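Protein chains in written order, with our numbering: chain A, 3 to 212; chain B, 3 to 212.
In short, the hints are calculated from the structure, not lab data.
One or more hints might be untrue.
Which copy is meant is left open, so a pair is good if it fits within one copy or across any two.
[As the list claims (entries may be wrong)] Using 27 Å as the maximum straight-line C-alpha spacing, the simulated DSSO-like pairs for lysine-lysine come out as follows:
id	residue 1	residue 2
1	K44	K102
2	K31	K173
3	K44	K105
4	K171	K105
5	K78	K209
6	K157	K102
7	K171	K27
8	K31	K102
Owing to the predicted nature of the structure, the values given are computational and were not obtained by experimental measurement.
This is what each chain is made of:
There are 2 protein chains.
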Amino acid sequence: MAEKGISQAVISRLPRYYRYLKELKDSGKERISSQELSRIMKVTASQIRQDFNNFGGFGQQGYGYNTTYLYDEIGKILGLDHQHNMVLVGAGNLGQALVKYLKFKKSGFNFVCAFDINPQLFNQTVGGVPIRPISQLRSYVDENDVDIVVLTIPKSEAREIAHSLTDTKIKAIWNFAHIDLELPPHIQVENVHLQDSLMRLSYNIHKNEN
Amino acid sequence: MAEKGISQAVISRLPRYYRYLKELKDSGKERISSQELSRIMKVTASQIRQDFNNFGGFGQQGYGYNTTYLYDEIGKILGLDHQHNMVLVGAGNLGQALVKYLKFKKSGFNFVCAFDINPQLFNQTVGGVPIRPISQLRSYVDENDVDIVVLTIPKSEAREIAHSLTDTKIKAIWNFAHIDLELPPHIQVENVHLQDSLMRLSYNIHKNEN
Numbered sequence: 003m004a005e006k007g008i009s010q011a012v013i014s015r016l017p018r019y020y021r022y023l024k025e026l027k028d029s030g031k032e033r034i035s036s037q038e039l040s041r042i043m044k045v046t047a048s049q050i051r052q053d054f055n056n057f058g059g060f061g062q063q064g065y066g067y068n069t070t071y072l073y074d075e076i077g078k079i080l081g082l083d084h085q086h087n088m089v090l091v092g093a094g095n096l097g098q099a100l101v102k103y104l105k106f107k108k109s110g111f112n113f114v115c116a117f118d119i120n121p122q123l124f125n126q127t128v129g130g131v132p133i134r135p136i137s138q139l140r141s142y143v144d145e146n147d148v149d150i151v152v153l154t155i156p157k158s159e160a161r162e163i164a165h166s167l168t169d170t171k172i173k174a175i176w177n178f179a180h181i182d183l184e185l186p187p188h189i190q191v192e193n194v195h196l197q198d199s200l201m202r203l204s205y206n207i208h209k210n211e212n
Numbered sequence: 003m004a005e006k007g008i009s010q011a012v013i014s015r016l017p018r019y020y021r022y023l024k025e026l027k028d029s030g031k032e033r034i035s036s037q038e039l040s041r042i043m044k045v046t047a048s049q050i051r052q053d054f055n056n057f058g059g060f061g062q063q064g065y066g067y068n069t070t071y072l073y074d075e076i077g078k079i080l081g082l083d084h085q086h087n088m089v090l091v092g093a094g095n096l097g098q099a100l101v102k103y104l105k106f107k108k109s110g111f112n113f114v115c116a117f118d119i120n121p122q123l124f125n126q127t128v129g130g131v132p133i134r135p136i137s138q139l140r141s142y143v144d145e146n147d148v149d150i151v152v153l154t155i156p157k158s159e160a161r162e163i164a165h166s167l168t169d170t171k172i173k174a175i176w177n178f179a180h181i182d183l184e185l186p187p188h189i190q191v192e193n194v195h196l197q198d199s200l201m202r203l204s205y206n207i208h209k210n211e212n
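Make the full structure from the sequences, and use the hints.
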């Protein structure tokens, strides 16, 4: 389903469309025009039509979009019809919270194993997921289907761990370490920089001072 | 220090500059040219100069930038010379992880109280921060200096809680609920949409399939 050469700006907007369409679909709304969607989402109808035209348009203008169809199609474009196996590297507070959070969400993103350096965590589980010594990470990744590695470790170790996995079959790293990772193009990187987010918030709080 | 009318795109880049400058400063590097910074950060030197010119330029071209000065100045622009009092709304796994994570980071963002609906959590603490019934949130916010409300609750409740606080003195909401909040302009909103992030990752994994 996925198309090539779509800008990351468009891609970044797809999850938001997906979220709003889920709400519309769940509330029983069967069809929606780009004007109506525009009003709810606070983007122009022209932007919506342009975004959707990247993927063939999803249906007739005057008649509006079928919300369930549009939801399903955007889900497929986002690859959400696939299951993704994930391993957690760093089973501290944030890592453990992510395992439990995604389990709760019943998404297609499944943690299959967690790794840590703390021996007190070995042979324990988090949300049903076993925690193993980080020394076993490489062999685990070599011997199992792992799509996504989730890094919730300090930046001092994140770079080394990420680089040690570049010649494996992993497809992506979901990086929570406070660092930019430079990896070969066959490994996708998506960053969640919580501190950057807080700093933007702080800027916006103080921008009108003085 | 903060300037008005700077685009959010520039603001979004400031935390990254701040992060790199910290590494440079900590590694003993005293001065850096825009060319060198450009090479490390993988952005053009022209972009760096344009970004910095929004704030007066931060020093002479040929001579390079003083890393400590630049780090401090960007910190001030980001409002990081202020202390921020935060309350957590939703002391589940993710919320508790955030409290412990930011405590560990020793940043100027301090959780002063947490709130939850679960009676089993009342009178307990997380990372030294007391957990109270959510029914006390409004009176707490009215009686104490609270700058930022951190929402780690389901989307069904996030909107109502956020709207119930719009006439208080809070300055911002750091929103982890899977929803967009529409609030009056005096309240800044910064979203961390973990599921959107995972969806972008999923798209990039599958974009070259078919």
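Okay, the hints, checked on the actual structure:
For a Cα distance limit of 27 Å, the shortest separation of K44 from K102 qualifies neither inside one copy, at 32 Å, nor across copies, at 35 Å. In this assembly of identical chains, K31 and K173 lie within 27 Å of each other by CA distance neither inside one copy nor across copies; the values are 36 Å within and 35 Å between. In this assembly of identical chains, K44 and K105 lie within 27 Å of each other by CA distance neither inside one copy nor across copies; the values are 31 Å within and 36 Å between. Taking CA atoms no more than 27 Å apart as the test, K171 paired with K105 passes inside one copy only; the shortest distance there is 24 Å, against 36 Å between copies.
Taking identical chains as interchangeable, the C-alpha atoms of K78 and K209 lie at most 27 Å apart only when they sit on different chains, with a minimum of 10 Å there against 40 Å within one chain. In this assembly of identical chains, the alpha carbons of K157 and K102 lie at most 27 Å apart whether taken from the same copy (23 Å) or from different copies (17 Å). In this assembly of identical chains, K171 and K27 lie within 27 Å of each other by CA distance neither inside one copy nor across copies; the values are 37 Å within and 37 Å between. For a Cα distance limit of 27 Å, the shortest separation of K31 from K102 qualifies neither inside one copy, at 31 Å, nor across copies, at 41 Å.
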